[in-house]
Amino acid sequence: ASFADASRRAPFPMVMKVPRMTQGDGAENIVGFEVERQILSVLTGPHVPRLVATGDLEKLPYLVMEYVPGRTLQQLLDETDKPLPADELARIGMAVARAVHSLHQQEVCHLDLKPANVLIQPGGNAVLLDFGLSCHAHYPDLLAEELRPAVGSPTWMAPEQVVGMRGDPRSDIFAIGVMLYELATRELPFGNPQTRGGLRQRLWADPVPPRRWRADLPEWLQEVILRCLEPEAAKRHASAASLAFDLANPEQIVVTERGKRLRATGFWAHFKRWLRAAGMHYQPSTLPSRQIEAAPVVLVAVPHRDASDATLYSLRSAIERVLGSSAGARLACVTVIDPATASGHDTASSEATVHRRYLGMLRQWARPLDLNGQAVSFHVLESRDVAQALLRYAQGNDVSMIVMGAATHGLQMQRLLATVPIRVAMQAPCTVILVKQSLPFDLLAKGESTTATATQPPS
1 ASFADASRRA PFPMVMKVPR MTQGDGAENI VGFEVERQIL SVLTGPHVPR LVATGDLEKL
61 PYLVMEYVPG RTLQQLLDET DKPLPADELA RIGMAVARAV HSLHQQEVCH LDLKPANVLI
121 QPGGNAVLLD FGLSCHAHYP DLLAEELRPA VGSPTWMAPE QVVGMRGDPR SDIFAIGVML
181 YELATRELPF GNPQTRGGLR QRLWADPVPP RRWRADLPEW LQEVILRCLE PEAAKRHASA
241 ASLAFDLANP EQIVVTERGK RLRATGFWAH FKRWLRAAGM HYQPSTLPSR QIEAAPVVLV
301 AVPHRDASDA TLYSLRSAIE RVLGSSAGAR LACVTVIDPA TASGHDTASS EATVHRRYLG
361 MLRQWARPLD LNGQAVSFHV LESRDVAQAL LRYAQGNDVS MIVMGAATHG LQMQRLLATV
421 PIRVAMQAPC TVILVKQSLP FDLLAKGEST TATATQPPS
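Residue numbering for the sequence shown follows our numbering, beginning at 1 and increasing consecutively.
These aren't lab readings, by the way, just hints derived from the structure by calculation. This one's a predicted model, so the numbers in the text were calculated from it and none came from an experiment. We put the beta carbon where it would ideally sit given N, CA and C, even for glycine. Careful: at least some of the hints might be erroneous.
To be verified - Now the in silico label distances, taken between C-beta atoms and shown as ranges:
(1) 12 x 234: 25 to 33 Å
(2) 195 x 139: 27 to 35 Å
(3) 321 x 195: 45 to 53 Å
(4) 327 x 140: 54 to 62 Å
(5) 324 x 430: 14 to 22 Å
(6) 78 x 196: 54 to 62 Å
(7) 74 x 164: 47 to 55 Å
(8) 251 x 142: 52 to 60 Å
To be verified - Dumping the calculated BS3-like pairs for lysine-lysine here, alpha-carbon to alpha-carbon at most 30 Å:
(9) 235 x 260
(10) 272 x 82
(11) 272 x 235
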């Protein structure tokens, strides 16, 4: 039960949560209270309510926390029977994924994400609630120790949770996929199973493709949802930040057979998966923060003018080293142009043409990279303030690392020395690598300079 107290002045509204502990309730209520108290006491940030006070379990157990205004996704589902538009689905999914990413950065897996536990504030920020089933990588997992069977809400539980494996951050990505599926179709991808046999079906079964329920759903959105719902965690998005990136940049998503599918997987494919699942042994997952480190979002700032061959070559070499050490990394190639460059044309079609030219320049720069199947996207930003544009992009897309040249091109060096790189390095919310120019002479003879001179967009 929860109680809000409006009779006393406080710096912010608060709510009291008292666990139900009657004679007929099981041990999970007591354990869940201890887990939530433990988790909330160490979590910070805008995606969780602030913990104010707690009561002793032996006397009167309670949690006093910040009251967060907004609507839960369950309230959103209850208000209307109509599926949400694709753009609203993407906004909600992106907000939830960023909240989950913040949790994983703090070594916590929620493990009970469902519409009732996700609150959307009026400004669009997602706040996660109810941490009674959560797991912290550095604290004892009380639920695993005291409650051996699978723990979680059956409808949203990931396959690895079904077999008792807790602590994999990709389990939360699976739950986001279930919520997006329901918001998009008003159907549940695996129903609401009440038996262990029904739960285990998700270890090998694919849900009905969302576009079978809803023909107007974009292929890119089905691609994202079904990737979240992959039975094998390794086939899902590598991190919640990667999922948020896809939802923020739908035009960059590569649609595979998964996104075009209109029928569920056939009998023989399911039978093969069933055999594989029967002999599958789930390995203990890595720490959430290490999973994030293994799947960073890397931004490379590519100058579009006044850049030497040495600069372009050096940026490419630095990116190859970064991607070589992180097999799960995704690369965002970004250039920033002055708004006057795009708006100085007579028609909107001409403006689009300018963007296409710069996108072509970015693709030409990236062509020599050996990406080994790693995700890459290309983005043209418009701003008179290059540093601010890069910082906004990094903040809004949970970028883990920024790679850029150590010198600023197009500025009089005697007036302002490396203004953009220094501002980015000082204000960025992530690691920044400033790359010094270098270009071996032997590569010049092999035509590297021809490949490197992508300093001007193709006309």
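Item checked: Given pair status - residue 260, residue 235, alpha carbons within 30 Å -> It holds: about 17 Å lies between the C-alpha atoms, which stays within 30 Å.
Check: Is 45 to 53 Å right for how far apart the beta carbons of residue 321 and residue 195 are?
Finding: 51 Å, holds
Check: Do the Cβ positions of residue 12 and residue 234 conform to the proposed distance bound of 25 to 33 Å?
Finding: 41 Å, violated
Item checked: Pairwise beta carbon distance, residue 251 to residue 142, judged against the given window 52 to 60 Å -> 45 Å, violated
Note to self: Next pair to validate is residue 272 with residue 82; report whether the Cα-Cα distance is within 30 Å.
What the structure shows: 36 Å, violated
Next item on the list: Look at the Cβ atoms of residue 195 and residue 139 and judge whether their distance stays inside 27 to 35 Å.
Entry: Holds, since residue 195 and residue 139 (Cβ atoms, about 32 Å apart) stay within the stated range.
Item checked: Cβ separation of residue 327 and residue 140, checked against the hinted range 54 to 62 Å -> Since residue 327 and residue 140 have Cβ atoms about 32 Å apart, the given range 54 to 62 Å is violated.
Next item on the list: May I ask you to test the hint 14 to 22 Å on the CB atoms belonging to residue 324 and residue 430?
Entry: About 19 Å separates the Cβ atoms of residue 324 and residue 430, which means 14 to 22 Å holds.
Item checked: residue 196 and residue 78 - C-beta distance against the hinted 54 to 62 Å -> 29 Å, violated
Notebook entry, point to check: For the pair supplied as a hint, residue 272 and residue 235, is the alpha-carbon distance within the 30 Å limit?
Noted result: Holds: residue 272 and residue 235 sit about 17 Å apart, inside 30 Å.
Next item on the list: Given the range 47 to 55 Å, decide if the beta-carbon distance of residue 74 to residue 164 lies inside it.
Entry: 27 Å, violated
Going through the hint list in order, the structure does not satisfy hints 1, 4, 6, 7, 8, 10.
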